[in-house]
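**Q** Protein chains in written order, with our numbering: chain A, 1 to 294; chain B, 1 to 294.
Hints were generated in silico from the structure; no laboratory data involved. All C-beta atoms, glycine included, are put in the ideal place defined by N, C-alpha and C. Check before you lean on any hint, since a few could be wrong.
[Unchecked claim] For lysine-lysine, the following BS3-like pairs were computed, each having C-alpha atoms within a straight-line distance of at most 27 Å:
hint, chain 1, residue 1, chain 2, residue 2
1, B, LYS105, A, LYS245
2, A, LYS273, A, LYS207
3, B, LYS245, A, LYS34
[As the list claims (entries may be wrong)] Covered stretches of chain B, as calculated for chain A (at least 3 residues, CB under 8 Å):
hint, region
4, 31 to 40
5, 121 to 135
6, 155 to 162
Protein chains: 2
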Amino acid sequence: MHKRLQAYLEYYREELQKAYTSRFDKLEIPANLKQSMLYSLDAGGKRLRPILLLASYEVYGQDVQKVMSSAIALEMIHTYSLIHDDLPAMDNDDYRRGMLTNHKKFDEATAILAGDALLTYSFELILDDPLLTSEEKIVLAKELAVCSGPKGMVGGQILDMEAEKQSVSLEAMEEIHALKTGELIRFAIFAGAYLANATDEQLHYLKQYAYYLGLIFQVQDDILDVSGEEEKLGKPVGSDELNEKSTYPKLLGLGGAIEQKEKYVQKAYESLKLADAEDSLLKALTDYFSQRDH
Amino acid sequence: MHKRLQAYLEYYREELQKAYTSRFDKLEIPANLKQSMLYSLDAGGKRLRPILLLASYEVYGQDVQKVMSSAIALEMIHTYSLIHDDLPAMDNDDYRRGMLTNHKKFDEATAILAGDALLTYSFELILDDPLLTSEEKIVLAKELAVCSGPKGMVGGQILDMEAEKQSVSLEAMEEIHALKTGELIRFAIFAGAYLANATDEQLHYLKQYAYYLGLIFQVQDDILDVSGEEEKLGKPVGSDELNEKSTYPKLLGLGGAIEQKEKYVQKAYESLKLADAEDSLLKALTDYFSQRDH
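Please construct the entire structure, taking both the sequences and the accompanying hints into account.
**A** Next comes the structure, spelled out in structure tokens:
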């Protein structure tokens, strides 16, 4: 990994943690609920989504404090979705990134409520941010609701459940991914650039970029589940096979999946160029995500 | 019940159903998710919260279309909380109002996601309403997040769980109720009056009113669980006793609980008077809720 990118990732992971920690310090809520919310937030690993948001902002804008509430809100939405996903009724996972999942560390009821609380509080964070104009608050909070709700992530989760244990086409699989993981990535890229006053044309091509980036992320996930190292992943390899999930390697073979990823990377590059973001950290992040080993 | 009140309740229940149905008709989301969301929305009985919102608006304002998105959003939040509350990990209820609970009708995973979807979509509804000004959207969506999130309803649910199987003081119990059920009632009363341009003084006293109304609602719930008729309630009587919950009858005796309710009713009347809402439907609703048999 480039030194510059690595330093960037480390720096912003720390900034994000500081930012949400200081907000939680001031938050007067039941202690057990706060602990449960923070447990899963702190367990967060790569901070992919908020870092994409920061990177997208920095293509066109300056002081990242402007986007910090949106970045944290996005990470909270992602975290809530993982807590609910891990529940026995859903994926029934006891561990995530080598740590106990929320419902194993606390209990199921607390985990459900901690997820609900993170989801709800994410909107308050944005709507209460003094650094945002009224227009910005409305656009961002509404977009967050669209991307994460029934038209977006939650819709994708339902489709994903329905597609389990049956073979689906590449197109159907990509539609599921576009909703389930793609919409939050789209929010990240949109929110950053929007708050940096990117033009409508730039936003248009960034939306395209976000679409391909989401697919890159997913195909690499599928590839790692076949060929990754358990120690780096922090989870068992081969779980997709076990769960009879439709994946890129299953539909295209491992070689085909890697080829497909390369196609998406080229598309992502093209979109970035058209959005005047060719030399930005977004490009380095695209490479990073397409080559990550965990 | 007064004929006028009855007609009012019936009329607005229909209006509310029409309003959310027309929104769901236009909503392009996975069919199974929509069915699950609508199943629980349609199963809604009294529509207490949105009707309070409409009644609060009508004390000072005219065309109720102005508050319809807030009223539906509130009912969706209430509905999501019931779906999650009924889950096996929480109250583990198979029936609600004589109908199968969401996770029994569908499955647990779908119920969790339908709850998440209702919660998230409620914010979109308000933020996307062309009848609201930017300022109104922000105030309402933020207030909804505060009332329903970790500082409000969800916080109350956590405290309620912690208080189970131990005896708590009347004060502690009332704090739990104020959060768990009171905050959504506060939102209802606030949102209606705010959108009708009530003065700050009126809003102040209405907040007091909402506090007492919430307690009235709770004490009557507790009373019905001891002395109600199962057929009217649509649920077994005595479940609080079974769940070792702290209730008004347990702390004060049945007679003491009824006396306490009367005190709250008087306080509620006083607050309404100070808010210039003495002769409004809110007063009739106060009586209705304090005397309801289901």
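**Q** For each hint, tell me whether it holds in the structure or not.
**A** A quick look at each hint next to the structure:
1. B/LYS105 to A/LYS245: holds (25 Å)
2. A/LYS273 to A/LYS207: Holds. A/LYS273 to A/LYS207 sits at ~13 Å (cutoff 27 Å).
3. B/LYS245 to A/LYS34: With Cα atoms ~24 Å apart, B/LYS245 and A/LYS34 stay inside 27 Å; holds.
4. 31 to 40: holds (count 4)
5. 121 to 135: holds (count 7)
6. 155 to 162: Our answer is that it holds, as 6 residues pass the Cβ test (under 8 Å) against chain A, meeting three.
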